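The whole structure should be built from the sequences, with the hints applied where relevant.
Protein sequence lines correspond, in order, to chains A and B.
Counting from 1, position 43 in the first sequence corresponds to residue 43 in the numbering used here; the numbering is continuous, with no gaps.
Take any residue in the second sequence, note its place counting from 1, add 1000, and you have its number in the numbering used here.
No wet-lab data here; the hints were simulated from the structure.
These numbers come from a predicted model, not from an experiment.
A couple of the hints might just be wrong.
[What the hints assert, rightly or not] Rough simulated footprint, nothing fancy, chain B against chain A, three-plus residues with beta-carbon under 8 Å:
no.	stretch
1	2-12
2	19-32
3	81-95
4	109-120
[Claimed, not checked] Estimated spans, in silico, between C-beta atoms of each pair:
no.	chain 1	residue 1	chain 2	residue 2	range
5	A	T51	B	I1062	27 to 35 Å
6	B	I1062	A	P35	17 to 25 Å
7	A	G73	B	P1035	27 to 35 Å
8	A	G14	B	V1055	22 to 30 Å
9	A	K9	B	A1077	42 to 50 Å
10	A	T51	B	G1063	48 to 56 Å
For every residue, glycine included, the Cβ atom is placed at its ideal position computed from N, Cα and C.
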Amino acid sequence: MSLEADIAKVRGLGSAKEGTGHFWHQRLTAIALIPLSIWFVVNLVCVFDATYAEVTAWIQSPIVTTLLVALIGALLYHVKLGVQIVIEDYLHAEWLKLSSIICLNLGTVLCGLVSIVAILKISFGTN
Amino acid sequence: MFLSAGTLVLAYWLISIAGGEESYMVARECLSTIPAKMLLGLSVFSFYFHLCNGVRHLFWDIGAGFELKTLYATGYAVIASSLLLTALTWGYAMAQGAAP
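Pasting the structure below:
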């Protein structure tokens, strides 16, 4: 049992009950994504028309694999945080807001996992 | 919201590569159509706009740039630089031999 007073447990957490965590993570992922996303977009437009062998060779380079996994992780978390704000600001029916946020969370996690598995499969693949 | 849909396209692209040469060629075919290319070009612009305006927001977070004059100036700078960055990226892709 905690000896902390109830007021001490809730102080600073605000109406969202999670304090500044959301705000801070959004900024953190934003900063991480500045270099990562520019690197990715510039490279993507170059490999876009490439042959299968060229694309796989690019992704299989260890540094590219690492950066891509980092990009997907930061990107999908950033998307989750950003779209959640839009949902909270514009959907007022409680049931709709809650179900949208659940779908958003499951969707972004799934999208991220699928992308990372695909990257690793390409990277460790023999083709 | 539009950009977050782009992550789904990105996931599809990665899955198609992971699926082997055949599925990659199908994806390449789909993504090379004119409407797809237009959407992709629009996504690149949206991305740069989001990036530039995001940096503007980060400056606001540290309390800088709130004077009305600066607000307007950075607002126009965001539009100008996102157009410029889109053009630069496009030009770079052309120089690397990508088809328009």
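Results for each hint:
| no. | hint | in the structure |
| --- | --- | --- |
| 1 | 2-12 | violated (count 0) |
| 2 | 19-32 | holds (count 3) |
| 3 | 81-95 | holds (count 3) |
| 4 | 109-120 | holds (count 6) |
| 5 | T51(A) x I1062(B): 27 to 35 Å | violated (46 Å) |
| 6 | I1062(B) x P35(A): 17 to 25 Å | holds (19 Å) |
| 7 | G73(A) x P1035(B): 27 to 35 Å | holds (30 Å) |
| 8 | G14(A) x V1055(B): 22 to 30 Å | holds (26 Å) |
| 9 | K9(A) x A1077(B): 42 to 50 Å | holds (45 Å) |
| 10 | T51(A) x G1063(B): 48 to 56 Å | holds (50 Å) |
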